[in-house]
Amino acid sequence: MVMKMGGQYLVFLFLSLAAFLFSFSQARSITTSTKPQILIETNQTAATARRCPYTLTIKTSCTSPKSTRDRVSIAFGDSYGFEVYAPRIDNPSSKIFESCSTDTFQIHGPCIYEVCYLNLKRVGSDGWKPESVKVYGPDRPAIAFKYDKFLPNGVWFGFNHCHKRSP
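Take the sequence shown: its position 136, counted from the start at 1, is 136 in our numbering, and no numbers get skipped.
Simulated from the structure, these hints should not be mistaken for lab results. Among the hints, erroneous ones may be present.
As the list claims (entries may be wrong) - Between beta-carbon pairs, the in silico distance windows are:
no.	residue 1	residue 2	range
1	S125	G81	30 to 38 Å
2	R69	H163	31 to 39 Å
3	K149	R51	27 to 35 Å
4	W156	P92	16 to 24 Å
5	K149	R50	29 to 37 Å
6	G127	S93	17 to 25 Å
7	R69	K149	26 to 34 Å
8	S125	K95	17 to 25 Å
9	G127	N160	18 to 26 Å
10	D139	C162	12 to 20 Å
11	S73	Y113	18 to 26 Å
Said to hold, decoys possible - Derived lysine-lysine pairs resembling DSS-like cross-links, with alpha carbons at most 27 Å apart:
no.	residue 1	residue 2
12	K121	K66
13	K121	K134
14	K121	K146
15	K66	K146
16	K146	K95
17	K66	K129
18	K95	K134
It should be emphasised that the depicted structure is a prediction, and the values quoted were computed from it without experimental measurement. We put the beta carbon where it would ideally sit given N, CA and C, even for glycine.
Work out the full structure: start from the sequences and follow the hints.
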């Protein structure tokens with residue numbers, strides 16, 4: 001789904017509101033308050049790609065700022081070039097990414113094989129320190145990426161454990 005920035009923001013707001021109103025939270029912070037899941041539709045790398053659901057659990061470090069208003073994007077994929085990309089997974093009004101919390105996201109995107117890379121991008125002045133990100137996909141075991149570092153501002157930061165595939 002490719003749209004101009006304003007359209008993406010409206011879609012994100014709509015999906016965030018829908019997720020808040022129609023889903024039960026699986027995310028809990030240390031203080032046991034609950035938060036809604038966020039449903040994000042991503043763009044596809046190929047028009048004919050099958051679509052698959054993914055669940056992400058992102059744990060924010062206890063040494064992260066209490067909250068962040070920074071814009072957070074995520075991209076993950078496999079060694080065949082299939083990628084799931086969400087340009088914005090944050091929502092400052094819903095207290096996502098508070099320190100010592102775990103947030104759960106439902107993302108739909110192209111079906112990928114084994115997730116072997118994951119990158120996060122933060123844009124803003126508050127700062128944010130993710131502790132870990134787990135990706136659950138259909139018919140695949142969950143894979144975890146341990147960050148435990150403050151993300152630099154304005155650049156993609158993450159892990160690539162992919163092995164090049166021969167044609």
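*Find the hints from earlier in the document that the structure breaks and name them by number, from lowest to highest.*
7
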